[in-house]
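Student: Mind assembling these two chains? They're in different frames, but the hints should get you there.
Line order of the protein sequences matches chains A and B.
Numbered as in numbering that gives the first Met the number 0, the first sequence ends at 424 without a single skipped number.
Numbered as in numbering that gives the first Met the number 0, the second sequence ends at 124 without a single skipped number.
A hint or two may mislead.
[Claimed, not checked] Partner residues aside, some chain B positions facing chain A, computed with beta carbon under 10 Å:
#1 Ser15
#2 Cys16
#3 Ala94
#4 Glu98
#5 Ile102
#6 Asp118
Read the hints as simulated data drawn from the structure, not as lab findings.
Think of the CB as a built atom: it goes at the ideal place given N, C-alpha and C, for glycine as much as any other residue.
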Amino acid sequence: MNKRMFDVVIIGGGPAGMAAATSACENGAEKVLIIERDRELGGILQQCIHNGFGLHRFQQELTGPGYARRYIMMVNEHPQIEVMLDTMVLEVKDDKTIWAVTPKQGIVEIQAKAVVFAMGCRERTRGAIRIPGQRPAGVFTAGAAQRMVNMEGYLPGKKIVILGSGDIGLIMARRLTLEGAKVQAVLEIMPYSNGLTRNIVQCLEDYNIPLHLSHTVVAIHGKERVTGITCAKVDETLTPIPGTEFDIECDCLLLSVGLIPENELSESVGVRLDKKTSGPIVDQRRQTLMPGFFAAGNVVHVHDLVDFVSEEGEIAGKYAAVYAQKKAEKVERTIHIMGENGIRTVVPQQIVVEDDSYENVRLFMRVGKPENRVTVEVSSNDQVLASRKLSVAKPGEMIVMEIPAQAVAEAGRYIVVTLKREVKA
Amino acid sequence: MTVSTRRVSCIVCPMSCMGEVAMENGQVTNVAGFTCKRGIDYARTEVTAPKRMLTTTVRVSGGELPLLPVASKAALPKNKIIACARCLANVSVKAPIKEGDIICSDILGLGVDIIATRDLAAADN
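Chain B with its partners taken away, still in its complex shape (with noise of 0.2 Å):
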């Protein structure tokens, strides 16, 4: 039988509670330290599948700016961050975009869209 305890800091608010995490064979036992519910389910996942979610950009084209903000609609596996950003590295949209447009839907087949984060208006001429 393995116990262990991590110190986890939580990264849900700028409060950025730090408590711990009782694990015994890989379940968490315990979670202590941390001031409201959201913290306590963002240390139980990130002692056991830690999730991110994912900012980046995507190019356009025919747009007034060449490149359009998106983010992922909920938290990606932490691991599969940098696989995401090379994937939408590849994408490319035109233009107009309106907030919240699906840019990319079930990314690396995650379960998960990615989606515009601002209105990108097709350039003038």
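Only chain A is shown next, with the shape it has when bound in the complex (with noise of 0.2 Å):
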């Protein structure tokens, strides 16, 4: 069996790891290969029929499969790109041997001098939440349910009830509906859903779906397939009260509880992760701790925006090609971020400076709950270099800020970023 060699590989070919490639072209890397466990490329994108992608990339409102579409022309113009369909990897090794199985070539050896993990981001199951009670069939994730009713053709139930009210079960709610479904509710644990508003507004208020807000599943009932649900209201920590239980009638329930980015291969060659985002911990530049492995997309945190996503392969995959081209070890200088405050998660981790020269940084940011009237502020040695003014931040939407080069450059060792809120007169 032959080892084949590649500058720089990527695994996974959704929309990071299609930027990832073409911006690896771009930077000088003559041989790339992108590995794609789905029969094509494209990713969760596929799936996504509904429109509202692309506006920042491409100035106008594209479907999933558009959005994909436009990025695997991208690639098929660039000869320096391979792509294997229907390969899954199975294992990474830290000297960058790839392991790999296709159903037509059995099992393939790579080698490669950078590597980009570009897997996405995995749903949470029942299991993750711990739903009490039988295991009939019709409860299922609103990802499979997505692609199940978009992808395949199959209906996953007549009468739905939806748990958590993030972009992916509004989405679902709506697409039901239009497929002939009831949709009876969408039950929300906090007491705010972290979907868009637009999404609450045309998929569930459209279509008047009720939407119970801190309230969540706690029985499910059936033997062979659901009944039907029990739910009922939480208090501030999330704890069921008594007293307040309904029933719901329903033949399926679809979750929709959060999306943990799939890091088992990076984890198994040694990369750290962060624990607040569940991804690597990356630099500017979306290298791992460890050297020639990059990362980007909904493996390093979950985007709510592809655009971002497709930013950030670029990134990886600029600095990927960058790597497997190295002629000298460079003098280097690493800056850590800490978010604080009110500030769950900021990606990049850490800013890495090599031979003195600096670049503009952007960060992206997530707050831990709803905020209004506060300004992000980024600082070093109490030194402020850089703060926006935001009348609403919410969990789910992400916070982008660019931190000037000349900011970078007088930073310390640390960088902060914390919530300042107004104070009430």
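Tutor: Structural data, given as structure tokens:
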């Protein structure tokens, strides 16, 4: 068996992987490989048939498949890129050997100079939220149901309850209604929805689907098939309040209860993860703490806009190509970035400065809970490097800020991002 | 004379601006609180003749996938969305299909075409 050699190998052919591949070529990589486990490129975009993608990138509202196609065409325009479809990566080793399996070639051994992790994320399941009760058929994650309805031609049920009001749950409420199912209710354990307001309006209000905030499922009924659920109101500690239970009849329960970056491969190589994002700790080049291993997209942190996933893919692809062609080691200085006081996550988690050359760095952040009238302040050694006022900050909407190159140069070993709240008079 | 105001949350982009439309005898007299012109236009139509884009799927025969995603080329009257979805549930097309192909022209006489939103190759065998 021949070992195949590449400059940059990208694991995952979704939006992050495709952008990383084209960007790697544009930055000098001569042999680039995308490994994708599905039958085509595009990743999750292919099942997201609703519109609203690409407003930043393409200045128009595309559907998921439309956005994917634009990138697939870009990938096809680069002869340096090879794509292996229907291929599953089994193992990645720290010397950047990759073992993969495909129905056509069997087991394949690949050697990369640089690796980009672009595996995306996975949905949390019933096990992750521990709903008691029987295990009847009819309980699905919202994304699995989306694939069934939009690509495979099956309806997961006729009377549906959706737990979780993130965007996927909301989009599925509308989608199932259009396909003739009755969506009985959407339940949300938090006192607010993590979905975009536009989705609450056009997916729920348009179809008179009730949204119960501060409610969760406490029991699933049915032996062979779901026949209904019991839900209850929860208190501030998210504990169900006795006496508030009521039943909803349904033959299907969809779970839209969060996404987790898919990092089995990265972890098995030894890449260190950030406990808050559940993705690898990366620097501004999207290099993980292991040299030559990069990461981009939902594998790093769950995004809400695909446009930012593409942007991150481009960054990772570029620096993976640079790493693959690297000639001499450079002098490095590391600046650590920390979120505090309401800022839950910040990506990148560090900035690596090579040979005293500085560039603008964009920070992608999320708050822990909804807040009004706050200022996001980026500082180092008590000196403010950048600040931005926000009238509303929601956990579901990523905050993007740019630190100018000059400010990065002035930063010490640590950069701290905090929320300053307006003091009421 | 009837004077009223209605709060409208904009669905044009993820900013989801919340604004207010003032009406007098069914005529819009003032729109406030939106940060762009598209938002103002949206609010104006939302209180007079609300419209929505439709995205759904149609059946495919002889294709690499059994379903083709489709979208309305322009927004449709909100109260016709379900009727349009029902109409498309009975449409079936033959692969291969190119993105942008018209799948159903002038749906329900509303003057809007339904187009394919991806390429779909014919099945291999």
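Student: Each hint should be assessed against the structure and marked as holding or not.
Tutor: Verification of the supplied hints:
no.	hint	verdict
1	Ser15	3 Å, holds
2	Cys16	9 Å, holds
3	Ala94	14 Å, violated
4	Glu98	6 Å, holds
5	Ile102	13 Å, violated
6	Asp118	7 Å, holds
This entry does not satisfy hints 3 and 5, going by the numbered hints stated previously.
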